[in-house]
Amino acid sequence: MAKTDLLQGTLDLLILRILALAPNHGWGISNRIRQMSKDGLNASQGSLYPALHRLEVNGDVRSEMTASENNRRARVYTITAAGRRRLDAETRSWEQFALSMKRVLQRE
Amino acid sequence: MAVRLMTRLLGLLRRSRAAAELDEELQFHVEHEIAANVARGMSPGEARRAALRDLGGLAQTREAVLDVRSVWIDGLWRDARHTVRALIAAPSFSVVVVAVLMLSVAASASVFSIVDAVVLRPLPYPHPDRLVGISEPTQENLRPTGRDLLVSPQEFFDWRDRQDVFAGLAASAWTEITVKAAGEDFPERLPARWVTANYFDVLGRMPLLGRPFTAENEVQGRNHVAVISHRLWQHRFNGDRDVIGKPLPGQLAAFDIVGVMPADFRDPDDTAEAVQVWIPFVPERDARVRGNDFGYYLRAVARLRDGISHDHAQSRMNSIMADLAVDYPRWVKGRVARVESLHASVTRGVRTWMLMLLGAVTCVLLIATVNLANLMLARGWARRQELAVRAALGASRAALARVLMVESLILATTGAALGAAVAWMSVGYLRSSLPMDLPRAADVAIDARVLAVTMGVSVGIGVVLGLIPVRQFVGAATSSILVGHQRSGSADRTAVRLRGWLVIAEVALAAVLLVGAALFATSFVRVTSIDLGLDYHNVLTLRLRPLVRPTDVNPGQAPLLRALERVRAIPGVELAALAGNGLPLRGDLRTEDFSIPGGVADSDMALNQVSPDYFRTLRIPVKDGRVFSDADVDTGQQVVVLNEMAARRFFAGNALGRTIRWRSYGARTVVGIVGDIRYDGPEEPTRPQAFIPIVQTTASAATLIVRTAPGTASVRPLIGRVISDEYPAGAVAPLNIEVQPLEHYFSELVAERRVNMRLLGLFGLLGALVAGVGVYGVLAYLVAQRTREIGIRVALGARRSMIVSSVLALTARYVFAGLVGGMLVAWMLSTLVRGLLFSTQPHDPVVYVVVGFTICGLAGLAALVPARRAAGVDPIVALRCE
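Chains as they are written, first to last, in our numbering: chain A, 11 to 118; chain B, 336 to 1217.
For the record, the hints were derived by calculation from the structure and aren't laboratory data.
Quick caveat: nothing in here was measured; it's all calculated off a predicted structure.
Careful, some of the hints might be misleading.
Said to hold, decoys possible - Covered stretches of chain A, as calculated for chain B (at least 3 residues, CB under 8 Å):
(1) 33-40
(2) 63-69
(3) 83-96
Backbone N, C-alpha and C fix where the C-beta goes; we use that ideal spot for every residue, glycine too.
Turn these sequences into a full structure, and let the hints steer you where they fit.
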């Protein structure tokens, strides 16, 4: 359980970070994650959509079906105020955590 | 209901739209991904496969998202669908559970509807706790068991003049009026109340239309006004708003309608019959002065003044009574004014009874619950592998609990809904079997309140029952259940022990119910088989009471006697007689003052004016001397017949030939002694009675008593025809134009006991059956569990009889433990209902022995099938199946 939570939390953080730049649809977000994956982060696309919907249920993002090219509709996600607050808080705690880990690991 | 359904449907629609949008969203993703892959140089097919692979499968992702979206409610919905399918797949389990619940819920809802309407509900008046009833019981009989709590008008007026603790003191009295408009064939009898002008004011309810009475209406001549009930307004006046000022066509005089009460108004004296008309109470002069006329017929109702407590009001009334006792010693002697809440006063005499019924039906509900717990345990055991698989596949504890909870809730609500439906269908019958004088019985109905309580209790039961297997199986180590499938684990042993306890509890509760049923059945049998001193079978009665306006010529006795002669001539009529002052078992009787020269001075006893065949018609035996004959004419010797008790009490048994001087009927010689009868019913003491020939009086009203040959129903209409011949239309009070069998009055007297016997009998039967099912279930289960062990024993040479007796011994353990516990509880509880029993001791050993044997017999029957199955175990098969 703990492992999934961590992964889930990380993925949420990534999504919020991406959406904080601009509203985007699922595929766009996945594309951004793929770009980031090259930087060593690995998030499966399969868990992206459940995570997006969970974030929406939690009120961190909201979504809207908007018209896109050639008569398709796309669901576009936007970060909410609550989402931004969560992003700030989790970024801080993540940095804190990373810093602590780094200190512990470098003490050797 | 409809609203909830709509919300539900909307929810489903919303969900299906969300699902469609999700499909669209994923489709969008896949298309873009394919395009991107192709752009990276993959072939279209490869691009598509890669896109789907990266997404982790379209369907899986879709499910995962839907799971996120619909956490609890959809899960419930899914579980419910699964459960219904599973329950349909196990029909015997489902049917037993639902049937047991249905029966017990039907029983409890019906009984609760009665108890609620009669006792539990507050009275429907503003600030009902400030309303009190005042009665004046005698000091020897402070807590009368009867329901009459009546006050004499003289006392009432003195209280009203002297009291300063009530904001208002009102009174009402029973009456009835018959109305017949021109052009109507049959007059209508309406239950009515005489009320003081402030009556509605004190109760705090005002008419919906028009006005209440004013003090002016309490004057003779201005009292021909009426306030009518909402129901009467609707059915006689079609709810016409112009009704105020219209006449209510009473047979003697018309009443001007001044008000219509709201539909929800109830008179405190409403019984199975609701009061329809209120008219002002204008007492006759001799009811105002303290002369020789004693009459207790008012119900006094008062509203406490603000800031005055019950106790204060009581002590004030005490001091008023003390003053009155000084002023009128002959009147107030030995009486107290008792102030109690109006609710207590209305429900007096029926509260214990009602609470007993509620207790009994709670017992039924408990048995059903325990039995269901037992079944749920068995079911949980049967499902434990399924549960273990679910747990192994990652279902959380909460999800498993939800699965079990949903099942028991579905069963509970289905059973409860069916039970409520049965109660709803049977409540009419139940209401009609209640005593006519049961307060507020007209309001007995399966209404929203009753349904809410019923449903609440059922859902509560469902939750509790759902929790049992949750505790039992969900916590257990799933691997051990999966691996050690049939072998007994520790969870199994706990379950068996628990089930044993449950069976013991069932047997105990069934024993309690059966003891109750036996006690009430014994009471009923004793009450109905008591010798009343008369024979009420095959006797028809008819009250003949001509209404005489002051301007009319009194028809006198002639039509009465002519009617008697003609009725006697009807084929099928064996004997016929008249009684002028009341009918045995009907509850009416007048007393007369008398004195005996050289004996008792200034006493009174019951006196009836009868025709010669009275005693033969009612089969009252003549003990000494003679009864009346046609030779006793009005100008002849003035005679009287006494019953044995009167002869004993007033003449020391030596009454023949002696003289009694009556205040209204002169000096009369005692010519005969007849047997005592229980005039007021089997439960009331015999009293001294005197009889005089009706022809030696001026009585023009009487009750016709007719003894018919058995099975001659045809006599009834013939009697009716004779009467309408003899009394031209409208001259006879139509009160009893229907002929009423004397048996009817007897049956009214024992109605409460009959209800008790039937309900408790039904409950006892239900309890015993359910307990029997419980015993059977556990034994069958244990035998199935031990098939292997039994097989080994048989293989090692155990005889079949030993196997059977070991099963029976197991049964005996449960049954005796339950029986002992149940008997102890019944022993303690039965003393609480002592007052409801009739010449039956709550600790009657016969009752307990009979119940003990009944339960043992039932348990034996329940054990029969499992025992036979155990005896039939084939060792080879049993050993091979492991």
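**OP:** Just pull the numbers of the violated hints for me, sorted ascending.
**Re:** As far as the earlier hints go, not one is violated by this structure.
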